[in-house]
Amino acid sequence: MNRTEILEELKKILSPYTVDKEKLAAINDDTDLIKDLKINSANLVDIIIDAEEKYNVEIDYDSAEKMIKVGSCIDVIAERLSEK
Amino acid sequence: MNRRVVVTGLGVVSPNGTGLPAFLNALQNGLSGIRFMPLYQELNFSCQVAGVPDFEWEQLKSYISEVTFHGLKGTNIGYGIKAALDAWADAGFAYDTDETRWDTGCIFGNSIADTEAMKNVIIRVDNKEARKLGSRVVEQAMNSGVTSYIAGRLGLGNKVITNSAACATGTQAILMGYEYIKHGYAKCMLAGSSEYVDPYVYGAFDSMRVLSRKFNDQPEKASRPMSATAGGFVPGSGAGALVLEDLEFALERGATIYAEILGGSSNSGGQRGGGSMTAPNPAGVIKSIEEAVSMAHISPDDIDLISGHLTATMADKQEIQNWSTALKRGGKDFPLINSLKSMIGHCLSAAGSIESVAAILQIKHNFAHPNINLDDPNPGILELIDRERMPAIQVNKDINILAKANFGFGDVNTCLIFSKYKNK
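Sequence lines, in order, name chains A and S.
One point on numbering: in this note's numbering, the residue at position 73 of the first sequence is 73, and numbering is uninterrupted.
One point on numbering: in this note's numbering, the residue at position 365 of the second sequence is 365, and numbering is uninterrupted.
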């Protein structure tokens with residue numbers, strides 16, 4: 001799965017956690033989940049759990065802390081997928 | 001300063017009607033909301049009927065954001081949100097605000113988190129999967145979940161309190177809201193309560209042998225307050241909410257006023273003098289009614305209608321006796337009395353708020369709703385009050401003053417006095 005494919009999948013994962021669907025459609029590596037998409041910081045945990053389920057991977061606490069921007073989310077997911 | 005407190009908005013999720021028009025229609029036509037529950041038969045419960053609101057979960061999307069809706073599992077919270085936000089809109093207020101509404105608070109009660117939803121939490125933890133629970137469990141497991149969702153949606157910034165007093169929860173919430181406004185702490189309070197009786201809570205009541213079990217094949221006949229064949233209560237679920245306001249504040253903004261709260265009292269019989277965890281001490285009940293009448297500065301003779309607790313158990317007769325003693329009225333001189341539980345069962349924490357919404361609608365529309373299923377009044381009750389004081393069909397008359405009481409496990413009592421609003 002390449003980065004573009006992961007990005008498209010990530011949009012679906014993020015969708016229930018943001019009301020701003022226009023911004024979501026236009027996300028890129030620099031998009032900040034909390035500042036730009038106005039995602040409640042408590043929901044980052046849910047996004048990680050949903051991503052784990054979707055990709056059947058385990059994202060440890062340290063990696064999870066890096067998932068602040070869309071780019072870093074893709075980095076972590078791509079890394080986990082490559083380990084499979 | 002003598003502040004007056006009025007009711008300016010109502011919202012309801014009741015087994016026999018969700019939303020005010022449906023609920024009013026149900027009250028006026030004696031419609032039952034009690035249904036047969038196939039699951040309860042499967043589970044070998046003795047009582048297999050319940051009061052279940054017609055509630056489309058997806059409709060919550062028009063009340064709360066998609067993000068909040070996603071992951072909302074607590075049925076009690078869903079009912080509470082709908083009733084509270086309907087009441088808020090009914091009072092003429094907008095949902096959205098950028099500023100905190102410092103003058104308005106929320107007192108919403110409930111008994112317990114949705115155990116059915118919590119079951120999934122327990123299973124995950126037991127499977128060593130606690131890390132998969134996510135962020136949305138705690139806010140729905142906490143008793144204050146319901147007030148947190150409501151107050152958060154509306155930006156309420158005054159006192160935000162969750163109360164719990166078993167079956168007296170709803171009336172107690174309204175009394176507390178009234179008191180905060182009366183004492184000048186808040187201009188407006190959104191007060192109410194909700195209850196979702198899931199199979200686990202229901203099962204526990206079933207085991208106490210306090211539920212109706214002889215009418216499983218005739219669900220609408222199963223809840224029979226004050227009748228000789230009353231054989232236990234029927235659990236019900238739902239929510240009720242009232243917007244309470246300082247009269248001056250309400251008049252200034254041109255609000256529509258449904259009714260006035262003249263006073264009330266909340267106490268406990270101390271689980272003494274015949275009172276226990278599950279039974280009220282009559283002295284406590286009588287004192288609560290007497291105090292409510294006294295706080296409201298009315299005479300017992302002014303009461304046109306009593307909305308009783310009257311659950312359809314052995315306790316109904318004692319309750320009538322207590323009212324009769326407290327008000328010093330009996331026979332033909334007793335006020336009209338009715339029990340909404342004949343139509344919707346006993347909604348536990350939500351009973352007081354749903355029944356208060358019904359009380360205010362009866363004041364506004366000048367009627368006493370029927371006691372359905374009262375074909376065979378309890379002979380013991382007939383020794384205390386006249387048959388026609390317990391109407392089996394709707395009575396159309398001016399209802400100026402209405403007394404509403406609920407009595408709960410833990411020997412807690414609350415009595416409220418509602419009145420038509422008069423610009424005296």
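Check the hints yourself; a few may be wrong.
[Claimed, not checked] For lysine-lysine, the following DSBU-like pairs were computed, each having C-alpha atoms within a straight-line distance of at most 35 angstroms: (1) S:Lys182 to S:Lys119; (2) A:Lys12 to S:Lys128; (3) S:Lys159 to S:Lys332; (4) S:Lys159 to A:Lys11; (5) A:Lys54 to S:Lys61; (6) S:Lys422 to A:Lys38; (7) S:Lys61 to A:Lys21; (8) A:Lys11 to S:Lys73; (9) A:Lys69 to S:Lys128; (10) A:Lys84 to S:Lys61; (11) S:Lys132 to A:Lys11; (12) S:Lys61 to A:Lys66; (13) S:Lys422 to A:Lys23; (14) S:Lys420 to A:Lys23; (15) A:Lys54 to S:Lys73; (16) S:Lys73 to A:Lys38; (17) S:Lys119 to S:Lys422; (18) A:Lys69 to S:Lys132; (19) A:Lys21 to S:Lys132; (20) S:Lys420 to A:Lys35; (21) A:Lys35 to S:Lys73; (22) A:Lys54 to A:Lys21.
Simulated from the structure, these hints should not be mistaken for laboratory data.
Right, here's what the structure says about each hint:
Pair hint Lys182 (chain S) plus Lys119 (chain S) does not hold up; C-alpha atoms about 42 angstroms apart against a cutoff of 35 angstroms. Simply put, Lys12 (chain A) and Lys128 (chain S) have alpha-carbon atoms about 28 angstroms apart, close enough for the 35 angstroms limit, and the pair holds. Distance hint between Lys159 (chain S) and Lys332 (chain S) is unfulfilled; the C-alpha atoms sit about 44 angstroms from each other, more than 35 angstroms. Of the pairs offered as hints, the one joining Lys159 (chain S) and Lys11 (chain A) is violated, with about 39 angstroms between alpha carbons and a cut-off of 35 angstroms exceeded.
A C-alpha spacing of about 25 angstroms is found between Lys54 (chain A) and Lys61 (chain S), which places the hinted pair at or below 35 angstroms, so the restraint holds. Of the pairs offered as hints, the one joining Lys422 (chain S) and Lys38 (chain A) is violated, with about 48 angstroms between alpha carbons and a cut-off of 35 angstroms exceeded. For the hint linking Lys61 (chain S) to Lys21 (chain A), the alpha-carbon distance of about 16 angstroms falls within 35 angstroms, and the restraint holds. Under the criterion of a C-alpha separation no larger than 35 angstroms, the hint pairing Lys11 (chain A) with Lys73 (chain S) is consistent with the structure, at around 24 angstroms.
The straight-line distance between the Cα atoms of Lys69 (chain A) and Lys128 (chain S) is roughly 30 angstroms, inside the 35 angstroms bound, and the hint therefore holds. Our distance criterion of 35 angstroms between C-alpha atoms is broken by Lys84 (chain A) and Lys61 (chain S), whose separation comes to about 38 angstroms. At roughly 21 angstroms between alpha-carbon atoms, Lys132 (chain S) and Lys11 (chain A) fall within 35 angstroms of each other, so this suggested pair holds. A C-alpha spacing of about 32 angstroms is found between Lys61 (chain S) and Lys66 (chain A), which places the hinted pair at or below 35 angstroms, so the restraint holds.
For the proposed pair Lys422 (chain S) and Lys23 (chain A), the alpha carbon gap of about 53 angstroms is over 35 angstroms, so the pair is violated. For the hint linking Lys420 (chain S) to Lys23 (chain A), the alpha-carbon distance of about 52 angstroms lies beyond 35 angstroms, and the restraint is violated. Simply put, Lys54 (chain A) and Lys73 (chain S) have alpha-carbon atoms about 21 angstroms apart, close enough for the 35 angstroms limit, and the pair holds. For the given pair, Lys73 (chain S) sits about 23 angstroms from Lys38 (chain A) by alpha-carbon distance, which is consistent with the 35 angstroms threshold.
Using a Cα cut-off of 35 angstroms, the hinted pair Lys119 (chain S) and Lys422 (chain S) is violated, with the two alpha carbons roughly 50 angstroms apart. For a cut-off of 35 angstroms, the pair hint linking Lys69 (chain A) to Lys132 (chain S) stands: about 22 angstroms separates their Cα positions. The straight-line distance between the Cα atoms of Lys21 (chain A) and Lys132 (chain S) is roughly 26 angstroms, inside the 35 angstroms bound, and the hint therefore holds. Between the alpha carbons of Lys420 (chain S) and Lys35 (chain A) the distance comes to roughly 51 angstroms, so the proposed pair goes past 35 angstroms and is violated.
With a C-alpha separation of about 27 angstroms, the suggested pair Lys35 (chain A) and Lys73 (chain S) falls inside the 35 angstroms cut-off, and the hint holds. The suggested pairing of Lys54 (chain A) with Lys21 (chain A) holds, with an alpha-carbon distance near 21 angstroms, which does not exceed 35 angstroms.
Comparing the model with each earlier hint shows violations of hints 1, 3, 4, 6, 10, 13, 14, 17 and 20; every other hint is respected.
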